[in-house]
Structure formats: structure tokens, C-alpha cells
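Top line first, the protein sequences correspond to chains A and B. Note that the first sequence covers residues 1 to 364 in our numbering. Note that the second sequence covers residues 1 to 301 in our numbering.
Note that these hints are calculated values from the structure, not bench results. Backbone N, C-alpha and C fix where the C-beta goes; we use that ideal spot for every residue, glycine too. Do not rely on the hints blindly, as some may be mistaken.
[Unchecked claim] Which stretches of chain B does chain A cover? Using the computed rule of at least three CB atoms under 8 Å from a CB of chain A, they are:
| id | region |
| --- | --- |
| 1 | 25–38 |
| 2 | 194–203 |
[What the hints assert, rightly or not] Think about it this way: if two alpha-carbon atoms lie no more than 30 Å apart in a straight line, the pair counts; the simulated DSSO-like pairs of lysine-lysine are:
| id | chain 1 | residue 1 | chain 2 | residue 2 |
| --- | --- | --- | --- | --- |
| 3 | A | Lys243 | A | Lys182 |
| 4 | A | Lys71 | B | Lys251 |
| 5 | A | Lys7 | A | Lys167 |
| 6 | A | Lys128 | B | Lys192 |
| 7 | A | Lys111 | A | Lys128 |
| 8 | A | Lys7 | A | Lys28 |
Each chain, letter by letter, is given below.
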Amino acid sequence: MSFLELKNITKRYGPLTAVGDVSLSVEKGEFVSLLGPSGCGKTTTLQMIAGFVEPSAGTIRLDGRDITRAKANSRGLGIVFQSYALFPHMTVFDNVSFGLEMQRVPKGERKPRVEEALSLVHLSPYAKRYPRELSGGQRQRVALARALVIRPPVLLLDEPLSNLDAKLREAMQFELREIQRKVGTTTVMVTHDQAEAFSISDRVVVMEAGRITQIDQPYRIYEHPETEFISRFVGKTNLLPGKVTTATGAGATVSLAGIAVPVEAAGLSVGETVTLCIRPEKLHLTVPTNGLLTGRVADRFFLGSQWLYHIDGPLGTLMVVTPNDGSTPAEQGATVGLEWSPSVVRVHRGAMAEAPDVALEVTG
Amino acid sequence: MSATVPEAAPAASGDETPERRFPTAPLFLSAPAVLLFAALVLIPLFLTALLSFNQFDYATGRTGGFTLEHYLSVLTDEYYLEIFLRTFRISALATVICVVIGVPEAYILSRMSNPWRSIFLLVILAPLLVSVVVRAFGWSMLLGPEGPVNAALMAFGIGRMRLLYTEGTVIVALVHVMLPFMVIPVWTSLQKLDPAVEQAALSFGASRGTAIVRVVAPQILPGILSGSLIVFGLSASAFAIPGLLGGRRLKMVATVVYDQYLSDLNWPMGAAVAALLLIANLIVMLTYHRLVEGHYRRRLG
Ligand SMILES: Nc1ncnc2c1ncn2[C@@H]1O[C@H](COP(=O)(O)OP(=O)(O)O)[C@@H](O)[C@H]1O
Ligand SMILES: [Mg+2]
């Protein structure tokens, strides 16, 4: 029996199904992220766990107890809101102390606990300040300390880092994970930023239009996206439409614009339309005579630790990412060969969806 | 605060004389408002103040000259002191009642979803479209000896009551007229409130009531403060309501000023009473403002 369990949770707003039939089990101490584009129902799901939105159907269980209809103020969960929602008229200390006060923790016990929570987020010197006297990152930490101090069974984070600038966001990601490890609180985080979700979660739940499309470890979601949507949403990818020409048990050959490409996928039948998905870093540049196909460097971008190439070839423009290992990069306009191992090619059955750039804004 | 204001940004465009244009533009732009304010407020106020120091004789009327006699007689006369006290008592009560009714009203309004919210906002504001005099007459018909309220009291066997010309009636009517001035500023500060803040309080186990008292109320305090100041100021200088519903029996300062000007024709005396009302009003409002806002300035900025 898992610690937090959502079973067939649905939320309808009139004709709109904001969240449809979501089932999810979270183990004690686990860090799970809900990842999906804006408007896919992540916040609504989190708000149903928190008790601010009542599900239209389904049940939510916490530690074996049915809390589906329990009032928000009886659930005792720790919540960090996207806007932080600090109490602007209270000092940092009073903000953190508020939850303890509501739980009727005696005054003498409150002070050490607040101090402990503040030192956990490195804010001890700021206890007497008011929220408006703090920076964004500090406010974020107050919100975290305030949620953790009540020792909640579950910590809920709604886009906790989205209001921070890029550099701080990255630093806070790791700090958030470190704190979560230290206190061991079961955590559900909502985010539309895949880098954020991947770097700190034990498991990632990918949502699309109110439904869960894949639940897996970050690495597996990246390497084995179950749908074309996920491969597009998660990281950069090259999507190539093709047709199966031969199929032999665990392998097959797919024809891409006349080029035969071997893949490792079972259960395909000859003549089937498929979409191949190859991550840019799985493609390797080589001398033209060596590659599976040849192309011309149309563009190249220096990303610091990596080079990103756009290679024009018989399959259209492909993205290739190579590590910047200090060697001389391929020149613009040069003819290069491309090679890859059949095991890195993912096969999605069916034709490619129409609009290939739905998730471009979130491929951070 | 002002020390941290950044230097005026250097003009980015190719403006030849930015330092000449900068100071004149604001002056020029604010001139119409300043002129209007001077013509309609400051000059009459100044003339009234001058007038209040003129000598007056019932036989010859206003005679010019300079005297403090009117101020002295107002400040030492029990009759005037009672009227001042009554005015401030009535205004304070009307303000308190407006807070008690108006703040929850604004809160409920902010919680409504849209078709209803607009409708009720309109209902609250609609009375502003009807003249105060008309509304005062409405109350006097409603509460008069032959009015529906007394008819109902008779029907229930309680017997006829004198409702007009009492403090209670004046307060009720003032509250009726002033309520929108409380609801609007409170509603505005509620609009600025992050709804997640109240949810945060709930998530920490606070009851709804506790969340409102500990988290919502302190944040809308500036709205309640400005609403109170408006209601108190307007009530203390209200004329039509006490004039029509207080009658000759229940005078308030504004009606006394009117009497001095138009019945006694003692303009300097009327001017002195008006000046004292202004001063007293200012003192009360500034003190209140200090007390409440000073307390919250650092927190809410
Ligand atoms: N109170 C509400 N009334 C009507 N529709 C809502 C409400 N809250 C959310 N929605 C809709 O539900 C969908 C999911 O919203 P949300 O959970 O906030 O998405 P996300 O957090 O993933 O961006 C959106 O289409 C949104 O417009
Ligand atoms: Mg959201």
C-alpha cells in the first residue's frame, strides 16, 4: 500500500475535463514531479491533493486514510505556492511559526522548531525581516521553511522555482532536493520545466491534456518516451517518418525517404507507418564515407559545454549535439557523415503528428 | 525611501534640452488641477477663514474688523459643544457600523463568481446615483408617523414609535448613504490580495475565521482605514441627512452652520463654526491615520 494514492481522480469544470482519470501512487519519502505543458491540469491535481479543489470523481488516500472529501485545513499537508503566498504583515519568524501556532504547539517548543527550520534553509539571520524586505530566492526559502516546520506527511510544491532567475533556479533545485533528502518528506512537485523535474525527482509523471501519459524514472522517460508527444516535450529530438520494410522478431528495417535504417523494436509488421525518434546527442559526426547518411552543416551553435549542429541531408534538417571535448568543430558548410547505433532509435507506431513545434517553449 | 530613488535616467533619445523640459512638463500638466483646486477649494476656504474673524452686530450686520469673539463663544458655549460632541459621536458610530457591515460585504462580494459579482457591485453602487436628498426623504417617509414602519409596528400591537428626529435614525440613514464609500476601498484592497495567501493559512490548519482575522484582515487594513476616513469625514460634515431626518431637534454641525448663515444671518459665526469643524475633523482623521497606519507601515509598505 503506497503512502499517497490517487485513484481515478477526475475534475470537470462544466464541459472541460481539467483532470481526467488520474491514478498515481507515491511511496513514503519519494520525490515525484508532475510534468506537463501549461494548462494540462498539474495545478488542479495538486490542489485536489491539498483539498482546495474537490474532485468530481475518484479517491485520494493518505497513509491508508481516505481524505478525498477532507477539509484542506484538516489535512496537515505542507504547501509551497507558486506565488509563495507569504503573510506580508508578519515577520519571517512569525510566518514560519504560524503553522505551529495553528497546531497548538506550546510556545516554548515553537521557537526552537522555527529556528531549526530557518537554519535548514539558511535564513536564520533574516528571522526579523518582513517578506517584502527579502529577495525572491529568500522568499522561496521562507515558503519552504514554513511548509516543512509543521512536519507534514506530504510536501506539495507548485512550480516552486518558476519565479526565480535561471541561475538561482538551478542552485535552488539542488538545494531543494538536498533539503528533501535530509528531512525525508514525501514530496509532490508540479513543474513545466523538464530540466527541473528530471534533475531532482525520483519519478516523473508526464501529463498531457489532463491525463497521465507516462510515469517513470527521469532517465527512462528521456530514453524511452512512450509517446511521440513525450519525446517532443522532453528534451530535443529528431522525429523521422518512415515505413517498415522488413521485420524479424526483435528487429526491423525502416525505410526513411529511401534510406534503410535498422531499428531494435519487436512486433512491427511490414508496411506499417512509424515515426523514428533519435536524440541529437545520440547522433555522431564522422567522415562522409563512414556514415549511415551524409549531410551538410547548415548551422552550428556553441552552447559552452556542447556544440549544436543543424545538418541538412536527405531526411531534412537533423539536430546533432556533440560534447565540446576541445577538438576542432565541423565547419559551417562542410559535408559530414552521420552515424548512430540502432539501439538508440525509438520507434513510435503511427504517423507523425501535424504540428511539430507544440512544446518548443518548454524544451529548456 | 527617497534616498534610494535612482537618479533620473539620462534621456536616451536625441533630445537637445532634456534638463529644461523635465521640470516644466509636470508643472504644466498639473496646472489645470492646481488652478481648479485653488479656485474652488483654497480661495473659498481662505475667505471663510477671513470671514470668521469679522465682527458682527445684529443691528448692523457684518462690520469687518478683527475679533476672536466667535471662536470664543463657540468654544465656551455648552450648546455648541454638545452639537460638536453629538456630531462626532454620530459620525463615529456610523463609521463603526459601516466597517462592521461594509467589510464583510466587500469580502463576500470578492468571493462571488462573475455574473453575480457584477450584479451585486451594481446594487451596492446604485444608491450613489440617487440624490442624498431623495434618499433622506425616502427614509423620512418610511419612518414617519404614518409610514409603513409605524403601520407595521401598530399591526403587531407594539404601538406607534417616534422614529424621526432621533440619533438612531440619523445614524441608520448615514450608514445607508456612506456604505459604498466603505465597500469600494475595501473591495479594492481585496482585489489586490493574493488568494493563495488565505489558502496558505488554511493549509496550516487555520479555520476560516482564523484565516480571515489573522491573514486577510491585516492586509486589507489600508482599505478599511481609507474607507473609515472617508465615511467619518463625510458624516461629520453631512448636511442633508441631519437636516431632513434630525429636524430642528437634532442638530449637527453642518446644520448649525446653515442656521447661522441663513436664519441668524450671522455669517462670521457660521464661518467660525465651519472652520472649527474643519479643524476638529482634521485632528480626528490625522490621529486615526497615525494610529492605524503607523502600526502597519513597515509591514505592508
Ligand atoms: N476554477 C476553474 N474553473 C474553470 N476552469 C479551470 C479552473 N481551474 C483550472 N481550470 C482549467 O483547467 C485546466 C488545467 O488548469 P491547471 O491545473 O491550472 O493547469 P496547469 O497547472 O497544468 O497549468 C486549464 O484549462 C484551466 O483553464
Ligand atoms: Mg499551474
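The hints, checked one at a time:
no.	hint	in the structure
1	25–38	violated (count 0)
2	194–203	holds (count 8)
3	A:Lys243 with A:Lys182	violated, 51 Å
4	A:Lys71 with B:Lys251	violated, 54 Å
5	A:Lys7 with A:Lys167	violated, 37 Å
6	A:Lys128 with B:Lys192	holds, 25 Å
7	A:Lys111 with A:Lys128	holds, 13 Å
8	A:Lys7 with A:Lys28	holds, 17 Å
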